[in-house]
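Join these two chains into a complex; the hints should help.
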Amino acid sequence: MEILIEYGYILLIIGCVCGFFMAWGIGANDVANAMGTSVGARALTLYQAVFVACVFEFAGAYLAGGEVTSTIRKEIIDASVINDTPQLLVYGMIASLLAAGIWLLIASYFGWPVSTTHSIIGAIVGFAAVGIGFDVVQWGKVGSIVASWIVSPVVAGTISFLLFTSVKRLILQTSDPFMSAKRYVPFYMFLAGFVVSMVTFLKGLKHVGLNFTASESTAWSLVFALIISLFGALILQRIDNTTKEKNGAMFDGVERIFAILMVFTACAMAFAHGSNDVANAIGPLAAIVSVVQSGGEIASKSVLPPWILLIGASGIVIGLGTLGYRVMMTVGTAITELTPSRGFAAELAAAGTVVIASGTGLPISTTHTLVGAVLGVGLARGIDAINLNVVGKIILSWIVTLPVGAGLSILFFFALKGAFG
Amino acid sequence: MSTDTFLGMLAESPFSGLQEHMGVGNKATEALERFIQAAAASDWKTASECREEIVGLENQADDIKNNIRNNLPKSLFMSVSRQDLLDLVFTMDGIPNAAKDISGVMIGRKMEIPKEIIKSFIDCSNAAIKAANQASDAIRKVDGMQKRGFSSSDVAALSELVTKLEQIEKENDEFEIALRNKFFKFEKEYDPVDVMFFYDVINKIGSLADISQTVGHLLVRLVSK
Chain H
2 MEILIEYGYI
12 LLIIGCVCGF
22 FMAWGIGAND
32 VANAMGTSVG
42 ARALTLYQAV
52 FVACVFEFAG
62 AYLAGGEVTS
72 TIRKEIIDAS
82 VINDTPQLLV
92 YGMIASLLAA
102 GIWLLIASYF
112 GWPVSTTHSI
122 IGAIVGFAAV
132 GIGFDVVQWG
142 KVGSIVASWI
152 VSPVVAGTIS
162 FLLFTSVKRL
172 ILQTSDPFMS
182 AKRYVPFYMF
192 LAGFVVSMVT
202 FLKGLKHVGL
212 NFTASESTAW
222 SLVFALIISL
232 FGALILQRID
242 NTTKEKNGAM
252 FDGVERIFAI
262 LMVFTACAMA
272 FAHGSNDVAN
282 AIGPLAAIVS
292 VVQSGGEIAS
302 KSVLPPWILL
312 IGASGIVIGL
322 GTLGYRVMMT
332 VGTAITELTP
342 SRGFAAELAA
352 AGTVVIASGT
362 GLPISTTHTL
372 VGAVLGVGLA
382 RGIDAINLNV
392 VGKIILSWIV
402 TLPVGAGLSI
412 LFFFALKGAF
422 G
Chain B
132 MSTDTFLGML
142 AESPFSGLQE
152 HMGVGNKATE
162 ALERFIQAAA
172 ASDWKTASEC
182 REEIVGLENQ
192 ADDIKNNIRN
202 NLPKSLFMSV
212 SRQDLLDLVF
222 TMDGIPNAAK
232 DISGVMIGRK
242 MEIPKEIIKS
252 FIDCSNAAIK
262 AANQASDAIR
272 KVDGMQKRGF
282 SSSDVAALSE
292 LVTKLEQIEK
302 ENDEFEIALR
312 NKFFKFEKEY
322 DPVDVMFFYD
332 VINKIGSLAD
342 ISQTVGHLLV
352 RLVSK
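Protein chains in written order, with this note's numbering: chain H, 2 to 422; chain B, 132 to 356.
Watch out, some of these pointers could steer you wrong.
[Said to hold, decoys possible] Keeping only pairs whose Cα atoms sit at most 20 Å apart, straight-line, the calculated SDA-like set for lysine to any residue is:
1. Lys272/B x Asp253/H
2. Lys245/H x Lys356/B
3. Lys278/B x Gly254/H
4. Lys356/B x Ser167/H
5. Lys301/B x Asn312/B
I should point out that these hints are in silico values taken from the structure, not numbers from a laboratory.
Extracted from the complex, chain B is given alone in its bound form (with noise of 0.2 Å):
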């Protein structure tokens, strides 16, 4: 007999892919931040750990999104817009992509941080992480307000979060400019290609940083109708 009754017409939810990726994402972040702890103190065995840790992480997120984008026909009739949903997932996905370059370069390398700006350094990338973790936060709540079926207080509440993530962007953005200025004064007794590398990996952590905030703007797209 028939094993299909109309309940076939459920399609699987893309918010729980979604929050695994978020959760996929975070980790990284957080071996990113040992990550850097360790090459700042030059221990690079930890930090061939983290960074085995974040190449598996980030393989995990691309698994994740693939799936999820697999899994959203264009025939789904669904609570939020599917381009909306699937931008957002691309975007989330620069998270681990930002952290595996980051450490893929300074590891490769071996790349000692300049003492006078180890302070600074970690500062702007700190402030980097927390915009990551901010924008998983905010991806975190969408899982609420799915249950409560949105609305525009939830609209309102979001919106919230993203402020914060603007301002956590900013400090970066301030913490960014002040590592470069310190960093200008004496970049010349440093070997010139290791100058470029390490402007290379401030570049990346301040894309980290905006990819963080450009994923808590698609959120208040998608949740917002």
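Excised from the complex, chain H in its bound form (with noise of 0.2 Å):
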């Protein structure tokens, strides 16, 4: 107790620092992950992707990153084993967020696409499972969380495959294309709208202060969805038939069409990323603060102060204006394999089965899901070709992600502890 009382601010300094470091490392990395499809498909610029991402993510982070965030926060770790030594939780919080931190910057570094919510929640349960003790460890919440990961690859899959098909079978086969598109594309916007706000209305207005009834929030999101997808149909009618550029690639009427519906998915995406991915930031952080706080109580129930979201949320921005937007300009000067019609299922399937995760509050992994998604509309006959050894290697580092993690949190969990007693 005594040392928090003496050092609190200084760890809660350290905390902020640290958790803004994680916050900007996913800004640098991870959000390119998340608005890649859309650039990679050239249905946005460069800065387009950038603006649309600094708003969403931002959004989301702050309208419904608080689920997950209270998970990584105190559903971990069984904070009432370690009431005598509160301290132990601070260090072991600012070591998962030095870790995940830094491992982040190095896979980055060699280019190996890593989780963040993997490389924090490894090392959540390293420090604690060795710096504290193995029952510190919630392990059902742990399990439920490892199951997720598997569980929601195959959910975007399931989803992403299924929108393809309805692509196909409502649009790209009929005897006028264009014509379908344009009648049916609003209907793929109002879906987009719908889970976006679905889950803002059920769970990300409480902090702000605002209560709504499950039937309310339905209402309101069925509202706001048509608003978006009368919006879009607008949008549409003002594109013909024709074959154009757009950012360095032909499309055709259809494409362009399918163009606009992923500028809506995009920021779907940048939503639902900022609403998950947030929380490997500051879901620490808020653990840390509120112990400092309430002077070393650890089984706080105060509710998560929102100036903790605003760091989480301008930390992905600044990290996504600094680098991000670097990571951004290489996908958006590959080869497009993924064109808009393709992209706009796996992007919708992918940024529904986050949000949906961070609306229960399950950390679960942007990239990963995208990856299933894409593998989802493959299976659907919608992509040429998938190299299955590159998504072997995606899986192969998530599994080196959890080790590499815990080990560098225990580090320095330990160099912590004997830097403060």
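As structure tokens, this is what we get:
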């Protein structure tokens, strides 16, 4: 307890810096994955993507990031076990942020696709199980999180399979795909709008002081989704059925309609990513803040202070502005193998899956959900060729990340423990 | 920082190579048509120009074929079967090969087509070239089918094209039989070695039509699932 009173502010500042560093890393690296589909399909230019990401990552983090944050903050570790030594939780969370942040940096440098979610969960479980004690970890919760990592790509893949199959039936294989696209694409916009606003209304607006019941949320979401799809339909009016160049690729009328749809799904994707991944940075930070501010009381019932969400959200945006746009630039110059009619299906499926996971408080990996979604489109015969070697590498880096994150955080944990006592 | 995103999992599409190969094969049969016209008129200067063109195109087709094969590792997950695609490309490659073989024998021997059968000979070779063009048309259609994500109606449309292809091949067969019958009547007036090679060319023309027909069948197999 004395340690927390003596060094409380120093630890708080270190925690904030580390949390910001982690958020910056997410913005610098992970956002490029979330937005890459749209940039790669030439639906958005680099600058449009950065703009969309800034606005919607921030909105997602701020409005719907609370549930996952609370999972990471207090549901992985059974804090009641360490009531006598609350400083250990603070050291551990700082160590986890540092471990995950540094691992993210190293992996980014070598170009390995790692997941921020997996590194932070690995780090937290690592320091808790080894540094404090095996029983501190809520293994049941950890088990359900790990299960969600397997389930989420499968769910996203199933949704994207169904989405693309419906696109084939309703639009691509009709006698006049262009007119069919104009007729049906607003429905997909509706879907994107509905999922995002539903999660926001149900989970996101509590800390802004607005509480909605389930039926109110549904009603409002329907209204919002309707407005979004009408707005989208209005934009589609301006598309004519000619082949035009867009951001360096030639698109016919149908694909140009899907490119508009992809702007909508890109917003949903950025929102979803913000809502789920911001927690990787601020979940541990929230735990630090609540322990330090309550003077050592761990089982605090206090709600998440909004300024913490702000740190995470702005960290992501600054990471995006300083380095993330460069990663996106390389995506934008690569050869397009994912046209908007395919890209949107993958993106919408992934965004829907991630945003629902955010609502239920499950920290999942956006990138792996997207990988699952792309495979789903492939299964619907929408993509010519998918390199399974690369998919294997992604899965491997997912597995490797867990012990590495754990090892690093154990290291930092004992270093901090040695330094502060 | 990283340049790898998960989009690295999207491999280069093999279909652009397929179209490219088809385009080259089409040019080769076009050149063959001009070659035969020139050879029939004993215009060996034009014929050798066409022959040069065919040889160049055949090399080009080989490069494209090898390129497709080299870029199709077993670890690819594709919208079509890898085996079907490779079978198709290797069969397609027979079209420029046949053009090269036919023009090779004819120019090597400065083959004079017996004047009694010039018309039948040109009819027969035109039917074979028509079959090759029909096969190219069918391959061209795959581009759109791939954009639409392949459907049962695509398979039906393709089957229709292949039925036409079969008819053309049959036509070629009939022309070939007629040609053989005609030539049989006065083959003894010609030098036996020349006659032997003349029959060889007729066989090669027949196989051009056969290959084109096989391309059509393989294409249906490729698209249907």
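Verification of the hints:
1. Lys272/B x Asp253/H: holds (16 Å)
2. Lys245/H x Lys356/B: violated (33 Å)
3. Lys278/B x Gly254/H: Between Lys278/B and Gly254/H the Cα gap is close to 13 Å, so the pair holds against 20 Å.
4. Lys356/B x Ser167/H: Distance ~18 Å between Lys356/B and Ser167/H Cα, so the pair holds.
5. Lys301/B x Asn312/B: Holds. Lys301/B to Asn312/B sits at ~17 Å (cutoff 20 Å).
Going through the hint list in order, the structure does not satisfy hint 2, though it satisfies all others.
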